[in-house]
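Chains as they are written, first to last, in the working numbering: chain F, 1 to 437; chain L, 438 to 672.
Simulated from the structure, these hints should not be mistaken for lab results. Hints may be right or wrong, so weigh each one.
Pairwise CB distance ranges (calculated) [claimed, not checked]:
1) L:452 <-> F:61: 53 to 61 Å
2) L:463 <-> F:82: 51 to 59 Å
3) L:463 <-> F:373: 23 to 31 Å
4) F:202 <-> L:453: 20 to 28 Å
5) F:28 <-> L:451: 55 to 63 Å
6) L:446 <-> F:262: 52 to 60 Å
7) F:54 <-> L:452: 51 to 59 Å
8) L:476 <-> F:363: 51 to 59 Å
9) L:660 <-> F:15: 31 to 39 Å
Computed cross-link-like contacts, EDC-like style, restricted to lysine to aspartate or glutamate with a CA-CA straight-line distance of at most 16 Å [to be verified]:
10) L:509 <-> F:146
11) L:463 <-> F:18
12) L:509 <-> F:147
Note that the structure is predicted; figures quoted are calculated from it, not measured. For each residue, glycine too, the CB sits at the ideal point set by N, CA and C.
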Amino acid sequence: MITTPRKSATFDDYTLSEIRRAAATGIYDIRGGGAKRRVPHLDDLLFLGASISRYPLEGYREKCGTNVILGSRFAKKPIELKIPVTVAGMSFGSLSAQAKEALGRGASAMGTSTTTGDGGMTPEERGQSSILVYQYLPSRYGMNPDDLRKADAIEVVVGQGAKPGGGGMLLGQKISARVAQMRNLPEGIDQRSACRHPDWTGPDDLEIKIEELREITDWEKPIYVKVGSARPYYDTALAVKSGADVIVLDGMQGGTAATQEVFIEHVGIPLLGSIRPAVQALQDLGLHRKVQLIVSGGIRNGADVAKCLALGADAVSIGTAALVALGDNDPVHEAEYAALGTTAGSYDDWHEGRDPAGITTQDPLLAARLDPVKAGRRLANYLAVLTLEAQTIARACGKSHVHNLEPEDLVALTVEAAAMARVPLAGTDWIPGAGQY
Amino acid sequence: MTLPLMEHTIDLGSASVRELNAALHKVGPDVNQRLWRVLNPGGRHSVAAGVDAALTIEIDGHVGYYCAGMNKLAKVIVNGNAGVGVAENMMSGIVHVKGDASQAAGATAQGGLLIVDGNASARCGISMKGVDIVVKGGIGHMSAFMAQSGSLTVLGDAGEALGDSIYEARLFVRGSVASLGADCIEKELRDEHKAMLFARLKAAGLNGAVDVSDFKRYGSARQLYHFHVDNAGAY
């Protein structure tokens, strides 16, 4: 009798292929992008639109504000964004100059900010970004006090959602002459980004470091502190203690240019479980809405934006989605993705510099494929849709500003989502673990 | 026309660091107050941080963290000891610590000259990116970790793991080295290196006072510039 062959759920096809790859090469897989396996996500939350007990706003008539002010705690010149969606830090080096320019164009068109990355600030980027956040990273590649002073805000990067506690590796094939010059390293060698800042070790030191950055910039610019989500309550509290104006909290579904697959998939916690502990830290300190919270890591649509705001964030940040909006992983390049052994939507070898879309590359021929003007317009369109969608949901919940969304507007579809987001399981008033954090 | 040098004094016993730095940041090329004396620093942090002008700033006493951080063009003299991160990310100019320096002296600094008359502590020159550092005493462990370029000259001894994961920076040590870090090796001290070393020593006020032949040169073996699994044991 013939029976149906049964594959192991534990040793599925992907797992088997990874074991074979490891056995053949002796090295872990390095890739870009974010976590690919499903983890508890914002999709597991639903909004409760208004009915009788709540009063909705007219969708196409009544105003729903979207602006957000960042850096009102200490900075002389806080930033005002027109929309609560920003573009996350992504480096020149990891991305082509055209891609960086497109990000600046798209963000500026919508009145929001974009962010530098490990490679420092390029003139193109500053020129096209009406509001530019300058990242102060452990590697300090491309760090320049002149650029610091040209920035509108400074983001001290402590960690990244895809790899809390980890550094980066930009492989030699992406180290063009310009990238090498900006990073002060020889062309073509692997560039290791340190996992920790070289001249401070803990929150007390960070406080002094932030004071130094303020002194250098005459206390004008908001200081953000970015952490990869792992211990959001304590990391938020300590960042506040250190003097941050703004906390940037990056969940495990956040992307990266290149790191170990095992890191991307197994270190850090999802955004769903990160926001409420961070907000609680701010509330416990009496600083919620005074120290602003930007969250990121897997944001895709206006519902995600609205849910993050309802859970207590002031704004969200997008990285991977912004690259897709520019044109990354577009099926139009399917033949070339196939030639690289992958398919549109799955391409993640960003570190190899062979991106057919011309975005995650330093190859001049590939990079020239991306039209910064057209790609910037695509990003602006996408940002507009995110905002419109968030507004639509907010109005349905009776809110005249997206910041008026609150946990009361949400329920969860699963027990774990209810516990992580601290909202009731749908159809009940049960919040698992409430009060036990 | 050369402007006459005028001295300006700020007493941190009564003024704040903010007032000092704000004043230093406002100095333009047409201002003739080019010599600034800072009294009673009292270990305060961020003294003379972010200066971007060809001034001479003389600090009479000990300073805390990040003194002369990101300095450009200025000559900053500390008549005392300096805390963590003195001259961090300096771009150009001179920072001269007449006493000892704490950890991470000259961290990530990209240019200019840092002179420490006494000892420097751990991680001196960590991630240095083009600065020249001269330490007349000794340095602590993990110094020049991931040092990218520039030079570190040490007249005394060096601690453990010197130059770990070093790139293209050049290290000269006259005394003993407790141990070398990954990918850091002793290299031949050729005539061009002796000339370079002599120039660094001269810039640090040691013109002919020290024999360059007493030094050993260390640098990168360049075996770890490309990650390869066969080298994993080196990390």
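Results for each hint:
no.	hint	in the structure
1	L:452 <-> F:61: 53 to 61 Å	holds (58 Å)
2	L:463 <-> F:82: 51 to 59 Å	violated (33 Å)
3	L:463 <-> F:373: 23 to 31 Å	violated (40 Å)
4	F:202 <-> L:453: 20 to 28 Å	holds (25 Å)
5	F:28 <-> L:451: 55 to 63 Å	holds (59 Å)
6	L:446 <-> F:262: 52 to 60 Å	holds (59 Å)
7	F:54 <-> L:452: 51 to 59 Å	holds (56 Å)
8	L:476 <-> F:363: 51 to 59 Å	holds (57 Å)
9	L:660 <-> F:15: 31 to 39 Å	holds (34 Å)
10	L:509 <-> F:146	holds (10 Å)
11	L:463 <-> F:18	violated (59 Å)
12	L:509 <-> F:147	holds (13 Å)
When each numbered hint is compared with the structure, violations occur for hints 2, 3, 11.
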